[in-house]
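Number of protein chains: 2
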Amino acid sequence: MSSAIESVDITDANAVAAGTNKPVRRVVAGGVAGKLMGYKAMVNITADELAKENLNTLLARDREEKLKYSKQKHISEQPWTFGNWHQHVNWLNFVLVLAIPIMGFALATRCPLQWKTAVLGVTLYILGGLSITGGYHRLWAHKAYSAHLPLRLFYAFFGAGCVEGSIKWWGHSHRVHHRYTDTRRDPYDARRGFWYSHMGWMLEKPNPRYRARADISDLVDDWVVRAQHRHYISLMLFVAFILPCLIAGYFWNDYLGGFIYAGIFKAFVIQQATFCVNSLAHWIGEQPFDDTRTPRDHILTAFVTFGEGYHNFHHEFPSDYRNAIKWYQYDPTKILIWASSKIGLAYNLKTFSQNAIEQGLVQQQQKKLDRMKASLNWGTPLSSLPVWDKEYFFEKSKETKGLVLISGIVHDVSGFITEHPGGAPLIRTSTGKDATTAFSGGVYAHSNAAHNLLATMRIAVIKDGDVDADTFKVQEQLLRRKKGDF
Amino acid sequence: MSSAIESVDITDANAVAAGTNKPVRRVVAGGVAGKLMGYKAMVNITADELAKENLNTLLARDREEKLKYSKQKHISEQPWTFGNWHQHVNWLNFVLVLAIPIMGFALATRCPLQWKTAVLGVTLYILGGLSITGGYHRLWAHKAYSAHLPLRLFYAFFGAGCVEGSIKWWGHSHRVHHRYTDTRRDPYDARRGFWYSHMGWMLEKPNPRYRARADISDLVDDWVVRAQHRHYISLMLFVAFILPCLIAGYFWNDYLGGFIYAGIFKAFVIQQATFCVNSLAHWIGEQPFDDTRTPRDHILTAFVTFGEGYHNFHHEFPSDYRNAIKWYQYDPTKILIWASSKIGLAYNLKTFSQNAIEQGLVQQQQKKLDRMKASLNWGTPLSSLPVWDKEYFFEKSKETKGLVLISGIVHDVSGFITEHPGGAPLIRTSTGKDATTAFSGGVYAHSNAAHNLLATMRIAVIKDGDVDADTFKVQEQLLRRKKGDF
Ligand code: HEM
Ligand code: HEM
Ligand SMILES: [Fe+2]
Ligand SMILES: [Fe+2]
Ligand SMILES: [Fe+2]
Ligand SMILES: [Fe+2]
Numbered sequence: 001m002s003s004a005i006e007s008v009d010i011t012d013a014n015a016v017a018a019g020t021n022k023p024v025r026r027v028v029a030g031g032v033a034g035k036l037m038g039y040k041a042m043v044n045i046t047a048d049e050l051a052k053e054n055l056n057t058l059l060a061r062d063r064e065e066k067l068k069y070s071k072q073k074h075i076s077e078q079p080w081t082f083g084n085w086h087q088h089v090n091w092l093n094f095v096l097v098l099a100i101p102i103m104g105f106a107l108a109t110r111c112p113l114q115w116k117t118a119v120l121g122v123t124l125y126i127l128g129g130l131s132i133t134g135g136y137h138r139l140w141a142h143k144a145y146s147a148h149l150p151l152r153l154f155y156a157f158f159g160a161g162c163v164e165g166s167i168k169w170w171g172h173s174h175r176v177h178h179r180y181t182d183t184r185r186d187p188y189d190a191r192r193g194f195w196y197s198h199m200g201w202m203l204e205k206p207n208p209r210y211r212a213r214a215d216i217s218d219l220v221d222d223w224v225v226r227a228q229h230r231h232y233i234s235l236m237l238f239v240a241f242i243l244p245c246l247i248a249g250y251f252w253n254d255y256l257g258g259f260i261y262a263g264i265f266k267a268f269v270i271q272q273a274t275f276c277v278n279s280l281a282h283w284i285g286e287q288p289f290d291d292t293r294t295p296r297d298h299i300l301t302a303f304v305t306f307g308e309g310y311h312n313f314h315h316e317f318p319s320d321y322r323n324a325i326k327w328y329q330y331d332p333t334k335i336l337i338w339a340s341s342k343i344g345l346a347y348n349l350k351t352f353s354q355n356a357i358e359q360g361l362v363q364q365q366q367k368k369l370d371r372m373k374a375s376l377n378w379g380t381p382l383s384s385l386p387v388w389d390k391e392y393f394f395e396k397s398k399e400t401k402g403l404v405l406i407s408g409i410v411h412d413v414s415g416f417i418t419e420h421p422g423g424a425p426l427i428r429t430s431t432g433k434d435a436t437t438a439f440s441g442g443v444y445a446h447s448n449a450a451h452n453l454l455a456t457m458r459i460a461v462i463k464d465g466d467v468d469a470d471t472f473k474v475q476e477q478l479l480r481r482k483k484g485d486f
Numbered sequence: 001m002s003s004a005i006e007s008v009d010i011t012d013a014n015a016v017a018a019g020t021n022k023p024v025r026r027v028v029a030g031g032v033a034g035k036l037m038g039y040k041a042m043v044n045i046t047a048d049e050l051a052k053e054n055l056n057t058l059l060a061r062d063r064e065e066k067l068k069y070s071k072q073k074h075i076s077e078q079p080w081t082f083g084n085w086h087q088h089v090n091w092l093n094f095v096l097v098l099a100i101p102i103m104g105f106a107l108a109t110r111c112p113l114q115w116k117t118a119v120l121g122v123t124l125y126i127l128g129g130l131s132i133t134g135g136y137h138r139l140w141a142h143k144a145y146s147a148h149l150p151l152r153l154f155y156a157f158f159g160a161g162c163v164e165g166s167i168k169w170w171g172h173s174h175r176v177h178h179r180y181t182d183t184r185r186d187p188y189d190a191r192r193g194f195w196y197s198h199m200g201w202m203l204e205k206p207n208p209r210y211r212a213r214a215d216i217s218d219l220v221d222d223w224v225v226r227a228q229h230r231h232y233i234s235l236m237l238f239v240a241f242i243l244p245c246l247i248a249g250y251f252w253n254d255y256l257g258g259f260i261y262a263g264i265f266k267a268f269v270i271q272q273a274t275f276c277v278n279s280l281a282h283w284i285g286e287q288p289f290d291d292t293r294t295p296r297d298h299i300l301t302a303f304v305t306f307g308e309g310y311h312n313f314h315h316e317f318p319s320d321y322r323n324a325i326k327w328y329q330y331d332p333t334k335i336l337i338w339a340s341s342k343i344g345l346a347y348n349l350k351t352f353s354q355n356a357i358e359q360g361l362v363q364q365q366q367k368k369l370d371r372m373k374a375s376l377n378w379g380t381p382l383s384s385l386p387v388w389d390k391e392y393f394f395e396k397s398k399e400t401k402g403l404v405l406i407s408g409i410v411h412d413v414s415g416f417i418t419e420h421p422g423g424a425p426l427i428r429t430s431t432g433k434d435a436t437t438a439f440s441g442g443v444y445a446h447s448n449a450a451h452n453l454l455a456t457m458r459i460a461v462i463k464d465g466d467v468d469a470d471t472f473k474v475q476e477q478l479l480r481r482k483k484g485d486f
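Those sequence lines, one after another, are chains A and B. If you use full-length UniProt numbering, the first sequence closes out at 486, no skipped numbers anywhere. If you use full-length UniProt numbering, the second sequence closes out at 486, no skipped numbers anywhere.
Possibly wrong hints are sitting among the right ones.
One copy or any two copies: either way a pair holds, since identical chains are not told apart in the list.
[Claimed, not checked] Calculated lysine-lysine pairs in the DSSO-like style (CA-CA distance at most 30 Å, straight line):
no. : residue 1 : residue 2
1   : K482      : K367
2   : K367      : K473
3   : K463      : K390
4   : K390      : K473
5   : K326      : K373
Hints were generated in silico from the structure; no laboratory data involved.
Generate coordinates for the entire structure from the input sequences, incorporating the hints supplied.
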């Protein structure tokens, strides 16, 4: 005998997946705002720490923390009380996704919206939104295609203005989300409720017990990503708030309006739209490709997220540059990428094969069908039926006036005689007899429905009979043989 | 051993089905027009002949005819020529379904349509159409429910005005159609083309080789049916043409208009609509219940036929008083029957069980799915793969850099390494090894789609390995075991 085949070392492979098996380039986060949308336990690990750490030190620290929390529980494991609620809250995120927008709403009462400012806001909303979906998400987090410098600069610039953190942070937590979907390690774990997956997860401190890592060394290899991360705070403030303020002020003297509407409001709307991918897209809609996990397809989610709403597809085929595959589905991000490739700004667009896509569809439909089948009455399975010998059938036929033998199976049709669409006399002629041929084309080739009905009337199987449960198939064989007659 | 169970005598049973096993009431056909929509070979058998004939005389005559046609071919078996075309045509039907309408169109040029006459025509069209669908078809031909005298009189009266023959004739050929659907015995055999099933069948003489009979003794038991049949010609002429002429003439002095529009035109439209059930309903639309025969469901057919367009359903469930089962489908005939039952005019409404209906849907969907499945690549079946022992796997792994063992199956992933959405390094770590656990949750619980992809890369099976082709199921079992981890 040969020796066993070596198994992949799970610990080593996890280190590869987390990117902790090799030194990672040092990239210093650009201040607190760079950490938005990463959660605290993750924020505590800086890039250089990641680089230095190997699996053993990580494991050692996990053990340490476990010990610590076995004595004193982490804040996330304690109930919310009047005394500790402020410890539960992630105040940085609170300011960036709630306090600033509320301030914006308050200021808005003093500043009427001008239509030029509105147009500016909508324009920046579109540029920012597409930078998140086409850039942050499909380009960087999923490597669904490659992009030349101008497009990457565009994405990094306008993406920063969405106040959702740097590409590096965003890509990391998104990869963790895909890798750990619907587990406690999933940062936006949809199983914990709509609110939690929408904003709750970023407003309260998470449990470090469930920390997770994903390899993002390929992101850090891109100088655009590194530069954006380093200068994130200033870039974000400039693109998100100062730029719209200056444009609206310089050209039509609406500094405050530009700040409020094309700045704060725009950022708020983009944030909410992005959050919808984590909440709505895991809650409403169909699951045409797989229903073992929460992601769902819904046109509504697609509308608010520039086409990211076909999320059931996306979780099955994450590195496909498309989210929608049918022409009538709404996926402007896909069109942007496709158009960019036509003018040479994007290349290497990845798609999953049509075969793989249709396999998913077929398997999911099969599941649904199996569920429907299980809820219907298909007649007693033959193996659960009593076996009668012929003598017993004769005897019984004298007592009960509605026994008909078809395909080696005894059916009690007494309750159906007067219901028979072909008339009572024909069934009466057949009771106590073998009606296989008559029923299967000799007199009338019954519909598939009639064969189903017949099965529900099974009561016994004839010993040594030519038994076949699929009477419709038996009929088709009989008909094929007598084809010449027609 | 017991003696064999007697089989149903096919000849006897066919006699029962044809109604030739017992004397049938004598009902004299009311002139040539009563025979409309029956075809010539049928028309030659009058009701009293049927009553006198037993199976033996029928068989004898069949033999006789066979002999006759073996010498001289029946007109229907001869090609159409300049010399014999007038022998091919069924002139009675030609007059009733083509000549009269053409005459009507010609007269119409001289007689402008008045709106009152139009309303009368539409009213009579509705009353006539519903009498065919609710009366001729569902009540009498299919016994889908029972009706009290007033409703039967209503149907018989307005049904006569549709110039489609008597209930007796109509019901007979319709039962033959259902019993012999898609065979040469089917009077409107859809397999012979759209035109043939629409009107061709009644305009040319059929081949008596394919004559067929159905038992209609239950129809003849109804005195309304007998009376209508006896007086058909006068009743038809009166209801179809004279009545609308008189009404329009007496009340708004439009005798000619009443005759043309509310008489001839109305009859023409109803005829065409009815013919559509034989043609359109076997040609356009979906087959949600069964696709082994031609009938189809289509909203368009339903619209022109007062709801008879769900013909795939109808051929599976002919004695169901409904044709449409969903609330949003158009079936006014069903509503008429249902409303009649609410006011006591109809009773004993028959439906097939929801179970039987859903069984049909499920089976048909399964067929479609199986067809789709068969067109996709699911990877080489394990039984067609070579069996490698472990030694051979080691050896091969040295040559080819992309062999991965998962679930006892060897996969060649070399072409996929750089395509891997989880990154190339993870696959590289796994080559030459058993990656079952890593692939199935140890590092990442792959999507169903990934498992499908994996299957397409199979190249061999490991001897004495723990082989399972359903790697997704294997993964789900593994995940269930380590549930506690999340
Ligand atoms: C024993 C159980 C039987 C069941 C459950 C049954 C069921 C049905 C059903 C559901 C139909 C409606 C049409 C269709 O679905 O195809 C039908 C019609 C008919 N059946 Fe049966 N049948 C039985 C036995 C027989 C036998 C033994 C005969 C002949 C000896 C027979 C002859 C006919 C005929 C002639 C029709 C009329 C076809 C038509 O006009 O649509 N049936 N039967
Ligand atoms: C050998 C054949 C393999 C195939 C065909 C394959 C296929 C895929 C596919 C299609 C995805 C996209 C996400 C999904 O569909 O679930 C994926 C992601 C991934 N795979 Fe694999 N994989 C293979 C091997 C491996 C191995 C051996 C490992 C681990 C040792 C691994 C780890 C991962 C990880 C970590 C991801 C990223 C999850 C994410 O961010 O979405 N894969 N793989
Ligand atoms: Fe998601
Ligand atoms: Fe994603
Ligand atoms: Fe039909
Ligand atoms: Fe019918």
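Numbers of unmet hints, in rising order: none
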